[in-house]
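Trainee: Single-letter residue listing:
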Amino acid sequence: DSGVTQTPKHLITATGQRVTLRCSPRSGDLSVYWYQQSLDQGLQFLIQYYNGEERAKGNILERFSAQQFPDLHSELNLSSLELGDSALYFCASSVAPTNEQFFGPGTRLTVL
Amino acid sequence: AQSVTQLDSQVPVFEEAPVELRCNYSSSVSVYLFWYVQYPNQGLQLLLKYLSGSTLVKGINGFEAEFNKSQTSFHLRKPSVHISDTAEYFCAVTPHSGYALNFGKGTSLLVTP
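Top to bottom, those sequences are chains A and B.
Residue numbers 1 to 112, in the numbering used here, belong to the letters of the first sequence in order.
Residue numbers 1001 to 1113, in the numbering used here, belong to the letters of the second sequence in order.
Incorrect hints may appear among the rest.
[Stated by the list, open to error] Here are the simulated lysine-lysine pairs, DSBU-like style, with alpha carbons at most 30 Å apart:
| no. | chain 1 | residue 1 | chain 2 | residue 2 |
| --- | --- | --- | --- | --- |
| 1 | B | 1049 | B | 1069 |
| 2 | B | 1049 | A | 9 |
| 3 | B | 1069 | A | 9 |
[What the hints assert, rightly or not] Derived CB-CB ranges, DEER-like:
| no. | chain 1 | residue 1 | chain 2 | residue 2 | range |
| --- | --- | --- | --- | --- | --- |
| 4 | B | 1003 | A | 18 | 28 to 34 Å |
| 5 | A | 18 | B | 1058 | 23 to 29 Å |
| 6 | A | 5 | B | 1008 | 30 to 36 Å |
Simulated from the structure, these hints should not be mistaken for lab results.
Ideal placement from N, C-alpha and C gives every residue a C-beta, glycine not left out.
Could you build the full structure based on these sequences and the hints that come with them?
Mentor: Here you go:
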């Protein structure tokens, strides 16, 4: 158990819908990262927050957005969902941006 | 920008045999290097990391890796594998400035009796 929690574990929805994925980092970790894992693209970095502020952006679509709240939990919002958005979404956290990242168990999103 | 190449997508090996999973990286800046393992239907677990110092790094579950700066490699090794080592292994790099991890495509290690 890494100490990072993600909910829900599984999510099934339809094209065009909007979903929110939630992540709680390890106690004391200020940095939160979101990654997408799919068969064709592999593991790709989406976005990073540090202590409530956006720190870095990767291959995140404009339909996707995220935020980190004062209690340091983070949410990833995915809207206008397409079939190709089906993937595993991982959250990771670290004490500081330069430290090792601890991964949550992931949320498996299926878009039908 | 950084990139990671894992040279083998699948590595089949017999139980108790040695194994090496290869990883090469490309970067114009200094990087930290990591190996993560993903068991079926689970998240990623850190096996080992290279930040600085000794180029031979020991991790959990008997794994080790050697950082070779001249060859830009960070190969993962284990002298004797177990059935339970069957999993997907990912090599990753991040610049010293500390942002996202750049992952390789992964190597599927299949250990059979």
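Trainee: Would you mind marking each hint as holding or not holding in the structure?
Mentor: Consistency of the hints with the structure:
At roughly 15 Å between alpha-carbon atoms, residue 1049/B and residue 1069/B fall within 30 Å of each other, so this suggested pair holds. For the suggested pair residue 1049/B and residue 9/A, the alpha carbons sit about 28 Å apart, so the restraint of at most 30 Å is met. In summary, the hint linking residue 1069/B to residue 9/A is not supported, as the alpha carbons are separated by about 40 Å, beyond the 30 Å threshold. Judged by the Cβ atoms, the range 28 to 34 Å given for residue 1003/B and residue 18/A holds: they are separated by roughly 33 Å.
Between residue 18/A and residue 1058/B the beta carbons are some 46 Å apart, a value that contradicts the proposed interval 23 to 29 Å. For the pair residue 5/A and residue 1008/B, the beta carbons lie near 33 Å from each other, so the given range of 30 to 36 Å is met.
In summary, the numbered hints that this structure violates are 3, 5.
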